[in-house]
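A.B. asks: Position chains B and F against the provided structure of chain P, taking the given hints into account.
Protein chains in written order, with our numbering: chain P, 8 to 353; chain B, 8 to 281; chain F, 224 to 525.
Everything labelled a hint here was simulated from the structure, so no lab data went into it. It cannot be assumed that every hint is accurate.
Where chain F lies over chain B, by a calculated footprint (3+ residues, C-beta under 8 Å) [as the list claims (entries may be wrong)]:
#: 1; segment: 38 to 44
#: 2; segment: 162 to 176
#: 3; segment: 260 to 266
Cross-link-like lysine to aspartate or glutamate pairs, in silico, EDC-like; alpha carbons within 16 Å at most [claimed, not checked]:
#: 4; chain 1: P; residue 1: K227; chain 2: P; residue 2: E244
#: 5; chain 1: P; residue 1: K201; chain 2: F; residue 2: D292
#: 6; chain 1: P; residue 1: K200; chain 2: F; residue 2: E296
#: 7; chain 1: P; residue 1: K227; chain 2: F; residue 2: E388
#: 8; chain 1: P; residue 1: K210; chain 2: P; residue 2: E161
#: 9; chain 1: P; residue 1: K255; chain 2: P; residue 2: D152
Just so you know, even glycine gets a beta-carbon here, dropped at the ideal spot from N, CA and C.
Here is what each chain is made of, one letter per residue.
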Amino acid sequence: MKRLAMKRLMTATALLMATTGLGSAEGVLQLYNWGNYTSPELLEKFKAETGITVTVTDYDSNDVALAKIEAGGHGFDLVVPSANYVTIFADKGLTVPLDLARLPSHANIAPEWKDVAWDPGRTNSIPWQWGSVGIAVDTAVYSGDINTSAVWLEVPDELKGKINVVPEMTDVISLATLYYGGEPCSEDLEVLKKVRDGLLAAKPNWIAMDYGATEKMSNKDWAASVNWNGSTMRIREALPTVAYGYPKEGYTLWMDSVMLLKDAQNVDEAYTFMEFILKPENAAMISNFAKYANGIAGSEPFMDPAMATAPEVVIPEEHKANGVFLPVCSEKAREYMTAIWTELQK
Amino acid sequence: MAERGFQVARLPGFATTAVIVFIALYLPIFTLVAYSFNASTSLAVWGGFSLDWYAKAWDNSQVKDATIRSLIIASFAAVISTTVATMAALGTTRRRAFKGQTFIYVMINQPLMVPEIVTAVALMIVFGLVKVWLTSIGMGSLTTGLGYLILAHSAFCIPFAYLPIRARLEGMDLTLETAAADLYATPWQTFRRVTLPLLAPGMIAGAMLAFVISLDDVVITEFVKSGGQDTLPTYMLGQMRRQLTPEINAVSTMLLGLTVVLLTAFFLLTRKKT
Amino acid sequence: MSPAEDDAIRASARNGWLLSTPALVILTLAAAGPLLIVVVYSFLSPGQHGNVVWDFSTDGWVGILWSKDIFTEEWALADAHLAIFWRSLWLSLMTTAFTFLVGFPTAWFIATRPAKERALWLFLITIPFWTNLLIRTYAINEVLRKEGLMNTVLLGLGITDTPIEVLYTQTAIFIGMTYVYLPLMVLPLFAAIDRFDMKLLEAGYDLYASRMQVLRRVILPIVKPGIIAGSILVFVPSLGAYVTPRVLGGGKQMMIGNFIELQFLQGKNWPLGAALSMLLLMIVMVALLVYVRYANKGSSHG
Numbered sequence: 008m009k010r011l012a013m014k015r016l017m018t019a020t021a022l023l024m025a026t027t028g029l030g031s032a033e034g035v036l037q038l039y040n041w042g043n044y045t046s047p048e049l050l051e052k053f054k055a056e057t058g059i060t061v062t063v064t065d066y067d068s069n070d071v072a073l074a075k076i077e078a079g080g081h082g083f084d085l086v087v088p089s090a091n092y093v094t095i096f097a098d099k100g101l102t103v104p105l106d107l108a109r110l111p112s113h114a115n116i117a118p119e120w121k122d123v124a125w126d127p128g129r130t131n132s133i134p135w136q137w138g139s140v141g142i143a144v145d146t147a148v149y150s151g152d153i154n155t156s157a158v159w160l161e162v163p164d165e166l167k168g169k170i171n172v173v174p175e176m177t178d179v180i181s182l183a184t185l186y187y188g189g190e191p192c193s194e195d196l197e198v199l200k201k202v203r204d205g206l207l208a209a210k211p212n213w214i215a216m217d218y219g220a221t222e223k224m225s226n227k228d229w230a231a232s233v234n235w236n237g238s239t240m241r242i243r244e245a246l247p248t249v250a251y252g253y254p255k256e257g258y259t260l261w262m263d264s265v266m267l268l269k270d271a272q273n274v275d276e277a278y279t280f281m282e283f284i285l286k287p288e289n290a291a292m293i294s295n296f297a298k299y300a301n302g303i304a305g306s307e308p309f310m311d312p313a314m315a316t317a318p319e320v321v322i323p324e325e326h327k328a329n330g331v332f333l334p335v336c337s338e339k340a341r342e343y344m345t346a347i348w349t350e351l352q353k
Numbered sequence: 008m009a010e011r012g013f014q015v016a017r018l019p020g021f022a023t024t025a026v027i028v029f030i031a032l033y034l035p036i037f038t039l040v041a042y043s044f045n046a047s048t049s050l051a052v053w054g055g056f057s058l059d060w061y062a063k064a065w066d067n068s069q070v071k072d073a074t075i076r077s078l079i080i081a082s083f084a085a086v087i088s089t090t091v092a093t094m095a096a097l098g099t100t101r102r103r104a105f106k107g108q109t110f111i112y113v114m115i116n117q118p119l120m121v122p123e124i125v126t127a128v129a130l131m132i133v134f135g136l137v138k139v140w141l142t143s144i145g146m147g148s149l150t151t152g153l154g155y156l157i158l159a160h161s162a163f164c165i166p167f168a169y170l171p172i173r174a175r176l177e178g179m180d181l182t183l184e185t186a187a188a189d190l191y192a193t194p195w196q197t198f199r200r201v202t203l204p205l206l207a208p209g210m211i212a213g214a215m216l217a218f219v220i221s222l223d224d225v226v227i228t229e230f231v232k233s234g235g236q237d238t239l240p241t242y243m244l245g246q247m248r249r250q251l252t253p254e255i256n257a258v259s260t261m262l263l264g265l266t267v268v269l270l271t272a273f274f275l276l277t278r279k280k281t
Numbered sequence: 224m225s226p227a228e229d230d231a232i233r234a235s236a237r238n239g240w241l242l243s244t245p246a247l248v249i250l251t252l253a254a255a256g257p258l259l260i261v262v263v264y265s266f267l268s269p270g271q272h273g274n275v276v277w278d279f280s281t282d283g284w285v286g287i288l289w290s291k292d293i294f295t296e297e298w299a300l301a302d303a304h305l306a307i308f309w310r311s312l313w314l315s316l317m318t319t320a321f322t323f324l325v326g327f328p329t330a331w332f333i334a335t336r337p338a339k340e341r342a343l344w345l346f347l348i349t350i351p352f353w354t355n356l357l358i359r360t361y362a363i364n365e366v367l368r369k370e371g372l373m374n375t376v377l378l379g380l381g382i383t384d385t386p387i388e389v390l391y392t393q394t395a396i397f398i399g400m401t402y403v404y405l406p407l408m409v410l411p412l413f414a415a416i417d418r419f420d421m422k423l424l425e426a427g428y429d430l431y432a433s434r435m436q437v438l439r440r441v442i443l444p445i446v447k448p449g450i451i452a453g454s455i456l457v458f459v460p461s462l463g464a465y466v467t468p469r470v471l472g473g474g475k476q477m478m479i480g481n482f483i484e485l486q487f488l489q490g491k492n493w494p495l496g497a498a499l500s501m502l503l504l505m506i507v508m509v510a511l512l513v514y515v516r517y518a519n520k521g522s523s524h525g
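Only chain P is shown next, with the shape it has when bound in the complex (with noise of 0.2 Å):
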């Protein structure tokens, strides 16, 4: 009798993956998107309109998301890389570049996102959204300057044990770098040295080097953190004491961008998508979410209000000549970040 039931049950499982399988045929979408970014509603809205379902897959770094494309049998259809990636996941052929034909509202990308030197012509990608990377700082806790990366390179005493630092590669280094007087993707020993020995001795005093600031500082188990302006924004809603510092050595801009990857299994429904986030409506839906600026001109009539007063997202004056947007490093000066970066994760 107990056989008869695990029949039952295999049937019933066997039914179950039919049927599921029977939903892909309606359209189904593999999106690998960064955590915490995309708006459920707008998935919403997507199958509404075209009846496709989006399935979202988090990942939290941009290393990751490249080495799990790169071992291959992934299964996604687009991946949202930041601006740097783009041009390492084009250039080894992990993606294609897009059919533009298809994608009529490819014109509405604002002018200023249009033709960017990661990719000129925005061939092989679409704008997401796009930001900076500062320090979010409870200032209940410290109430100092908060406008210097020396707030988490030499921790003041209220801050030590509780800062964290995101551990996203390339904008850390990149911020340690700025600090110590170099530029981005320098190759220049002298300046790398000094970035290594600096991180190295300020890693004990942060508490950790971990994701999920958003939800940790709005809950105040850390009391700082290196951290993205949107998600900033999203804790200082929680927390009001939070304030977003823009460091005047220099701070990192960055745009994540939605391609289209070759082992793609649902072009169509990629090219549908993208069309679809294309739009300004659409990609204000996207920035209300997360709550960063995106690249599409017209979206502004759609977006919180909120948004178009905060100090995380419309970069006050004093501080926008200090941002830097990371240029595409060379093989070399990536191998020593990487190094870098390798050493200080131990």
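C.D. replies: Chains B and F alone, transformed into the frame defined by chain P:
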């Protein structure tokens, strides 16, 4: 000199330690379950009783997907591993020890000995290679699907299914089978109508253990999964790095509940009938 | 032996193999086989952006203990690696020792309950054992957090003024691993104590031994196989722990398991990751061999 009130088996402080241990073991779990009913977002302050988080978890499509996927994989893995483990148990017990039997034994128990991270990394590499090769010979469609996860889970579930079945087999009374043979039953008939039914409780126990083990696996699944293939534990692992709302508590409690139910059934099944 | 008997024996062996084949196939494909590939990978060169290049190199193995200074290009002892190994070893040994200290009384307690109660106690200790590792780690995380149970109690009882921040430290990992692996120590201990003949205790007391002496010289030696089994069952998984240090360590307190993962992600050094995996496996095998040796030695006692 022994006073009659002297209890031989009593050792000082042991009972106290034991009770403290039990409390310490269950307290965190109770706290976790309790806060899944917490109305407020905070994990420390009690804001009143609420089932909101369960509703949220239930609505969460990622949770639903992951749960279904976990159940499917566990079902297949349990069935597959129990079947091959039964065959292996039959092949390695109640017969003269043959050359290579130790090898088979080692192979079967090897997943118990190898650290999960090592297996996880090994599978990630190998499956990656296989998928790349399949794509290169034009069979790219075979690179997706739950097959890889089911294969991986079946493998590490085998020892868990094997041990109860083997234990049951070794404890079985041969006389019934001999009696069947005496009554002119063919070996196959004996197997089907005497051995198998007697073995059934062991098989069910093995299947349930395998199911629980597969359901709970985190490390191997985390490394082997590909696009959109989160199981419940890997989804929770991802969330734990970011989200700290009682929604995770709710999901954990549900998973915990399922495990307890299955375990109680297992215990009842394997209870020695007096 | 008659030819007929010989045939029967050979047929029996053949059947044994035949029946075991499906299990062996699955295990070769998805358990043992891949391990061999890992060995191969440990002798290759790291690729540009992860993965490997099929060039023979011993750098993977050398990299376990030595690393090239980025700037001077000199090979030097990798302090950071050693720190991770030491941390893993230390935490695993501490966890094993502590789980034994509290696990032994617990197992003794269960084994000395009246027979009717015993099944219930056993059931109670088994549930945490089978509960998802992730759930148990998360539960401890909740207890240890700044606003968690531990601090609430400590602050409430007035033992401390400010919350103790233990999360993201080695202590947190130690507490977490002890909590997670304790049932693994209790169950084998229970099995061994269960078989222990209480009359030996009576004999000991009749000979005017104190409780401590009885414990040390009668109970422990006889229960030794259980102690060894429990220790191995705790030491091996805690050495290769991945989930607990990841959730409780905040990315800073890496153990071997996390360090291995790093090589496959940002570390971009698959051969090193492969070599480290093999190293971990070898340490585990040694521990198991020690167990088998002691277990066999123990069984020769009368």
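A.B. asks: Indicate, hint by hint, whether the structure satisfies it.
C.D. replies: Hint check results:
Restraint check on the segment 38 to 44 of chain B versus chain F: 3 residues with Cβ-Cβ distances below 8 Å, three needed, restraint holds. For a cut-off of 8 Å, the count of residues in the segment 162 to 176 of chain B with a CB near a CB of chain F stands at 4, and the three-residue condition holds. Counting residues of the segment 260 to 266 of chain B whose beta carbon lies closer than 8 Å to any beta carbon of chain F gives 3, which meets the minimum of three for the stated coverage. With a CA separation close to 13 Å, the supplied pair K227 of chain P and E244 of chain P stays within the 16 Å bound.
Of the supplied pair hints, the one linking K201 of chain P and D292 of chain F holds, its CA atoms being roughly 14 Å apart against a limit of 16 Å. Pair hint K200 of chain P plus E296 of chain F holds up; C-alpha atoms about 13 Å apart against a cutoff of 16 Å. Annotation: proposed proximity of K227 of chain P to E388 of chain F holds, straight-line Cα distance about 11 Å (limit 16 Å). For a cut-off of 16 Å, the pair hint linking K210 of chain P to E161 of chain P stands: about 10 Å separates their Cα positions.
Annotation: proposed proximity of K255 of chain P to D152 of chain P holds, straight-line Cα distance about 10 Å (limit 16 Å).
Figure legend: structure checked against the earlier numbered hints; every hint is met.
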